[in-house]
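**Student:** Work out the full structure: start from the sequences and follow the hints.
Here the protein sequences come in this chain order: A and B.
Using my numbering, the letters of the first sequence correspond one by one to residues 1 to 81.
Using my numbering, the letters of the second sequence correspond one by one to residues 1001 to 1406.
Simulated from the structure, these hints should not be mistaken for laboratory data.
Treat the hints with care, as some may be off.
[Stated by the list, open to error] Below, a list of computed lysine to aspartate or glutamate pairs in the EDC-like style, where the Cα atoms sit at most 16 Å apart:
{"no.": "1", "chain 1": "A", "residue 1": "Lys72", "chain 2": "B", "residue 2": "Glu1367"}
{"no.": "2", "chain 1": "B", "residue 1": "Lys1311", "chain 2": "B", "residue 2": "Glu1242"}
{"no.": "3", "chain 1": "B", "residue 1": "Lys1311", "chain 2": "B", "residue 2": "Asp1351"}
{"no.": "4", "chain 1": "B", "residue 1": "Lys1219", "chain 2": "B", "residue 2": "Glu1230"}
{"no.": "5", "chain 1": "B", "residue 1": "Lys1220", "chain 2": "B", "residue 2": "Asp1184"}
{"no.": "6", "chain 1": "B", "residue 1": "Lys1311", "chain 2": "B", "residue 2": "Glu1262"}
{"no.": "7", "chain 1": "B", "residue 1": "Lys1055", "chain 2": "B", "residue 2": "Asp1124"}
{"no.": "8", "chain 1": "B", "residue 1": "Lys1219", "chain 2": "B", "residue 2": "Glu1182"}
{"no.": "9", "chain 1": "B", "residue 1": "Lys1375", "chain 2": "B", "residue 2": "Glu1354"}
{"no.": "10", "chain 1": "B", "residue 1": "Lys1135", "chain 2": "B", "residue 2": "Glu1099"}
{"no.": "11", "chain 1": "B", "residue 1": "Lys1013", "chain 2": "B", "residue 2": "Glu1224"}
{"no.": "12", "chain 1": "A", "residue 1": "Lys72", "chain 2": "A", "residue 2": "Glu11"}
{"no.": "13", "chain 1": "B", "residue 1": "Lys1371", "chain 2": "A", "residue 2": "Asp76"}
{"no.": "14", "chain 1": "A", "residue 1": "Lys72", "chain 2": "B", "residue 2": "Glu1368"}
{"no.": "15", "chain 1": "A", "residue 1": "Lys72", "chain 2": "B", "residue 2": "Glu1374"}
{"no.": "16", "chain 1": "B", "residue 1": "Lys1375", "chain 2": "A", "residue 2": "Asp75"}
{"no.": "17", "chain 1": "B", "residue 1": "Lys1135", "chain 2": "B", "residue 2": "Asp1124"}
{"no.": "18", "chain 1": "B", "residue 1": "Lys1371", "chain 2": "A", "residue 2": "Asp75"}
{"no.": "19", "chain 1": "B", "residue 1": "Lys1060", "chain 2": "B", "residue 2": "Glu1074"}
{"no.": "20", "chain 1": "A", "residue 1": "Lys72", "chain 2": "A", "residue 2": "Asp4"}
{"no.": "21", "chain 1": "B", "residue 1": "Lys1375", "chain 2": "A", "residue 2": "Asp76"}
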Amino acid sequence: MRSDGIFIAVEVDDRAAADPELARRLTEACPVDIYAQGDDGALQLVERNLDECVLCRLCLDASPPGTVSVIKLYDDSAVLA
Amino acid sequence: MRFFEFEAREVVKRAGIPVTDYGFTTDAGEAREIAQRIGGPTVIKSQVLTGGRMKAGGVKFADTPEEAEAHAREILELEINGHMPRGVLVDPRAEVEQEYYAGVVWDGTRKQPVMIFSPVGGIDIEQVAEEQPDKVGRRHFSNILPLSDFQAKEVIASTGVSGSALNRLVPIVTRLARLFVENDMVLAEINPLGRLADGSFVALDAHMDIENEARGRHKKLLAELGVGEEETRQAREATPFELAGEQVDAQDHRGVAGNVTEFDGNLGLVIGAGGGSLTLFDAVRAHGGEPANYCEIGGNPSVSKTCGLAKLVLQKPGVEQIAVMMSIVSNTRVDIVARGVIKACLELGFDPAEKIAIFRIPGAWEEEGFKILEKYGVDYADRSVSLNEAARRAVEKIQGASAEAA
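**Tutor:** Now the structure itself:
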């Protein structure tokens, strides 16, 4: 799954996004509420908060390597990984 | 927050400084009763938070209680500089031999109060300082250490006052300084302080201004004076633009985007950082610019809060461009502010490169911020460009754009 703001996009591996435990960890970790957990426990991306991303990497630390990417759309789509 | 004269007199009285046997009322009939109780000539004074009341007819003299009632009735209906009076103060017309001045003011530069005394009262102290500088004594004092009578004595004596007058004035000035500190004031002024025929002194008028942020510490005093919690005592009511600014600031807890004040110009300002707002506002004006607003951003506002403020300013009628400027920031992220203002332009359908006259915010995360600005072609400046130069460039740019449009 992927969601784009004006400045920031977030991409999460679809299989990882279905994992309720990962969704819980990401929801807890993000200081600006980019991640939320749906009623079914799966991960949701909150589009209106994407541009609030402070590039803190907490979501990357909370997820297995390669499952979450934070993309800086203003910087030639540089990927925070 | 300014006090009305009748409130300031009450504060003075509570501090043990002699005042006349005045009375405050909102009713003309009661003004007559007060004048009757006083039993002699009186002065009826409009209670408004603005200057020039004498010239506007807000101060009248009465020889009888009936005359006092008639004057009070007129004054209660009299608007002065857009202000209706809170009431009238009925004051005995004291036989004054000499008028003095006593005041304490917060010196923002020294960050200490300064007591000021002059044997020439009844007129603005600034005028005395200009025309008779030797007649103005002043001295800073600590607002933390205990205050000594000696400090007041030195200030008064420096103006040539001696003998019995000096001895009587020392406790008055000391008490004034003490009440200033105890009540977190920024101004406490008795002018005139009258010397009567028997040599005693009495406060004939008083002006006081309490630090807004300290209101919470003085709830009891304010309640006793009848000052409502909702009273802002601002010089004018907030405009819809300013109220909208308050809403933007209140939308989330992150950072500050506040103190939005409306002006008539064409250059919108998104400015801030540790006094930077005032400096930048003045710099814009000094270079001939016409600000559309004043505001203060800082403390790392969120993208949405910055965006909300920038949208508000961009949508203000008459605004042609905005200048986004702060001094060097450590607790506000440059990239977050850059995102906020660019997002505002984009969401309103403007080209950020055209609408943002200049972006001058160096500091935390500036490399990231500059990348964003470059992507959208916004003219930006780093810390090698002073606030003054940034303001000059913004004014030059908007004046150029206005000339082209014409």
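**Student:** Quick check: which numbered hints come out false for this structure?
**Tutor:** Going through the list in order, the structure violates no hint and respects every one.
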